[in-house]
Amino acid sequence: MKLDLKKKKLREINNTLQNLDIKKNEREFTIINPEGSHALCAGLNQEMKILIKGHVGYYCAGMNQKAHVTIDGNVGTGVAENMMSGIVHVKGNASQSAGATAHGGLLIIDGDASSRCGISMKGIDIVVKGSVGHMSAFMAQAGTMIVCGDAGEALGDSLYETDIFVKGSVKSLGSDCIEKKIEKKHIDKISILLKKSEIKNVRPESFKRYGSARKLYNFNIDNVSSY
Amino acid sequence: MCGIVGIYLKTKKFEKNLGKMLSVMLNNMESRGPDSAGFAIYKNESKKIYKFSLCINDLNFINFKKEISKKIKKAKLNQISDHVILKTQLQPKKVIEIINSNFPKVSIVGYGRSIEIFKQVGKPKDVVKKFKLDSFSGTHGIGHTRMATESAITTDGSHPYSTGEDECLVHNGSLSNHNNLRRELTKKGTIFNSENDTEVAAGYVSHNLSNNKSLKDTLTSGLKDLDGFYTFIAGTRKGFAVVRDEIACKPAVIAETKNYVAIASEFQAMAHLPDVNNAKIFEPEPGIVYSWGK
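As you go down the protein sequences, you meet chains A and B in turn.
This note's numbering applies: residue 1 is where the first sequence begins, and numbers increase by one.
This note's numbering applies: residue 1 is where the second sequence begins, and numbers increase by one.
Do not take every clue at face value.
[As the list claims (entries may be wrong)] Capping the alpha-carbon separation at 35 Å, the derived lysine-lysine pairs in DSBU-like fashion look like this: (1) A:K7 <-> B:K48; (2) A:K66 <-> B:K132; (3) B:K130 <-> A:K196; (4) A:K49 <-> B:K250; (5) A:K6 <-> B:K130; (6) A:K9 <-> B:K130; (7) B:K132 <-> A:K91; (8) B:K47 <-> A:K9; (9) A:K9 <-> B:K250; (10) B:K132 <-> A:K200; (11) B:K13 <-> A:K8; (12) B:K132 <-> A:K9.
Just so you know, the hints here were simulated from the structure itself, not pulled from any lab data.
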């Protein structure tokens with residue numbers, strides 16, 4: 001089914017998708033003329049396939065559950081923020097805070113993601129084909145972040161148990177983030193996620209692994225300057 | 001919040017449409033700034049004639065025209081709503097002195113050989129209509145929609161700010177060291193007309209440009225001297241530049257085609273620009289100055 005944002009209001013389209021009649025078999029939608037609208041496809045909670053043709057604004061596919069949303073364009077701040085499950089695939093670039101606080105699902109970004117990608121992520125898997133900006137994976141708690149390009153300043157600042165894999169250079173590591181030894185189980189994890197993201201010609205062995213030094217978990221007066 | 005927009009034309013193709021393009025952008029940024037709006041347009045640069053953008057507030061235009069014509073001979077005046085563009089060959093210093101000492105109700109919004117500035121309280125779409133932005137042609141333009149945070153909703157508190165000949169600046173964000181910087185710049189001779197933080201940034205830019213620094217170098221040194229959150233768009237007679245602070249909380253998107261460069265707080269502001277779907281679209285990186293022209 002084709003949904004045109006020039007003909008229907010954003011709220012009307014979101015309403016249709018959020019309250020899908022499960023008795024009907026209509027599960028595939030193409031959204032045209034998004035023209036940078038905010039909160040498009042937010043709060044979806046059923047299995048469906050959506051293709052958005054064009055650039056979208058903030059919080060696209062936020063809080064997503066089960067749905068597979070593809071954006072054939074760029075996205076604004078907070079794409080797939082607080083996602084619980086499902087797949088969000090951005091074919092262009094993503095603005096700041098992509099996948100923020102998300103608990104599950106897979107976010108694929110074919111281009112670059114700007115600052116604070118995966119901030120406070122809580123279980124989502126994020127795969128970025130390009131590079132990520134500064135403060136990415138800030139306070140990240142669980143899940144996996146794979147960056148095929150480079151990472152900006154203060155990667156993984158104050159992070160908990162997220163695994164970060166970067167193929168290119170890292171401008172600097174944040175407080176309590178260190179490079180860790182990459183083992184077979186990590187390489188397997190990278191292979192699976194690259195495959196799911198349809199990224200070929202990138203060797204899983206070519207990534208470096210970063211994680212928490214676990215020194216800031218409990219308050220220690222000697223670390224006061226790092227908090 | 002606040003919305004900022006700007007267009008710099010790389011070719012002559014859209015010169016006649018500049019006002020139309022900018023007005024759609026401003027209208028689309030109402031959600032970021034419903035309190036006041038303003039714009040600066042660079043058009044018809046002249047070698048000898050200076051243009052003064054004046055806000056005459058509730059003064060009667062006919063009376064004002066009569067009075068000012070006695071003080072400034074051969075002045076040409078064009079009224080658009082409560083703003084007046086005054087054209088004269090008299091030197092700016094002299095004109096400013098005449099206006100300030102004889103017309104306390106009139107505020108000088110800006111002046112130069114190319115720039116025209118209009119700003120007023122109200123929703124962007126009303127401000128745009130009032131000043132007939134649609135009908136403007138030009139080479140580059142900058143606009144702002146304001147959600148007031150740190151100073152009152154007044155014409156003086158609206159953007160763009162112009163503190164030097166053919167210079168202007170709009171700002172999304174807030175500065176934390178503006179009081180100190182205002183004192184320092186005032187000592188060096190800069191005159192400020194409001195308590196607004198952005199006017200200080202504009203004053204900082206003008207001060208540096210008057211010391212023969214380029215716009216790019218000025219904004220680069222501003223990264224050290226201006227403390228706070230910001231995306232700035234700055235305009236000069238022939239140039240146009242964008243910069244975000246290094247934390248980069250305040251958004252900005254640039255769309256570049258072979259005919260123009262557009263910048264806005266959000267993509268939706270430029271979704272209707274010609275050929276935008278084939279534009280190179282990117283976010284300006286934190287702490288890097290992007291400039292066009294000179």
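Evaluation of the provided hints:
no. : hint              : verdict
1   : A:K7 <-> B:K48    : violated, 51 Å
2   : A:K66 <-> B:K132  : violated, 49 Å
3   : B:K130 <-> A:K196 : violated, 54 Å
4   : A:K49 <-> B:K250  : holds, 33 Å
5   : A:K6 <-> B:K130   : holds, 27 Å
6   : A:K9 <-> B:K130   : holds, 28 Å
7   : B:K132 <-> A:K91  : violated, 39 Å
8   : B:K47 <-> A:K9    : violated, 50 Å
9   : A:K9 <-> B:K250   : holds, 27 Å
10  : B:K132 <-> A:K200 : violated, 54 Å
11  : B:K13 <-> A:K8    : holds, 33 Å
12  : B:K132 <-> A:K9   : holds, 29 Å
Of the numbered hints listed earlier, those contradicted by the structure are 1, 2, 3, 7, 8 and 10.
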